[in-house]
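Engineer: Given next are the chains, with one letter for each unit.
2 protein chains.
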Amino acid sequence: MAVTLINAFEVPPGKEQEALEFWERVAEFMKRQPGYISTRLHRAIVPWARFHLINIAEWQSAEDFQAVIGSEEFKELTEPYSEIFPHYPGLYEVIRT
Amino acid sequence: MAVTLINAFEVPPGKEQEALEFWERVAEFMKRQPGYISTRLHRAIVPWARFHLINIAEWQSAEDFQAVIGSEEFKELTEPYSEIFPHYPGLYEVIRT
Numbered sequence: 001m002a003v004t005l006i007n008a009f010e011v012p013p014g015k016e017q018e019a020l021e022f023w024e025r026v027a028e029f030m031k032r033q034p035g036y037i038s039t040r041l042h043r044a045i046v047p048w049a050r051f052h053l054i055n056i057a058e059w060q061s062a063e064d065f066q067a068v069i070g071s072e073e074f075k076e077l078t079e080p081y082s083e084i085f086p087h088y089p090g091l092y093e094v095i096r097t
Numbered sequence: 001m002a003v004t005l006i007n008a009f010e011v012p013p014g015k016e017q018e019a020l021e022f023w024e025r026v027a028e029f030m031k032r033q034p035g036y037i038s039t040r041l042h043r044a045i046v047p048w049a050r051f052h053l054i055n056i057a058e059w060q061s062a063e064d065f066q067a068v069i070g071s072e073e074f075k076e077l078t079e080p081y082s083e084i085f086p087h088y089p090g091l092y093e094v095i096r097t
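Chains as they are written, first to last, in UniProt numbering: chain E, 1 to 97; chain U, 1 to 97.
I should point out that these hints are in silico values taken from the structure, not numbers from a laboratory.
Among these hints, one or two may not hold up.
No copy labels: a pair is met if it fits in one copy or bridges any two.
Said to hold, decoys possible - Here are the simulated SDA-like pairs of lysine to any residue, each with C-alpha atoms no more than 25 Å apart in a straight line: (1) Lys15 x Gly35; (2) Lys31 x Gln66; (3) Lys15 x Arg25; (4) Lys15 x Pro34; (5) Lys15 x Ile95.
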């Protein structure tokens, strides 16, 4: 069953470009992984949004996604940034439209 | 320019049904407002997601949306719940796919 990854990033003022470049490096890696379907990176257009960036991606299964985030390569790519850009990932299904 | 509203809700354990019913009441009101396009309510399928519900909606403009959330009716509908279900709304544009 396809699942939706939603990952909200808090970005300190002045670090927007660095956050985008970090996201692009990780996205480039994620797009090469089994089970990846698509992604849409959203940037806040209002100052009152707590999360400057929110990534919404589609994966073929929760297992596919969890295998990727459990990999050494993913950890090496992301761990240095987890404190600079606190983020709150989750896997979701749509329940109402 | 169409904009994307992303609103993440923290839901205390045991209050999932109450949160969903609250969201449905607000959605019913939002769908009748000028500028509303569509919505997709996402529910977490993993226990490690910080946000149990995330709403992703499309609006014809930021002005349309902000007019609605500035209305008395919206405030009456939502204010009683803002402490029970902390939420973090923002308006967004897609910058990478």
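Engineer: Now tell me, hint by hint, if it's right for this structure.
Structural biologist: Here is how each hint holds up against the structure:
no., hint, in the structure
1, Lys15 x Gly35, "neither (31 Å within a copy, 33 Å between copies)"
2, Lys31 x Gln66, "within (14 Å within a copy, 35 Å between copies)"
3, Lys15 x Arg25, "within (16 Å within a copy, 38 Å between copies)"
4, Lys15 x Pro34, "neither (31 Å within a copy, 36 Å between copies)"
5, Lys15 x Ile95, "between (35 Å within a copy, 16 Å between copies)"
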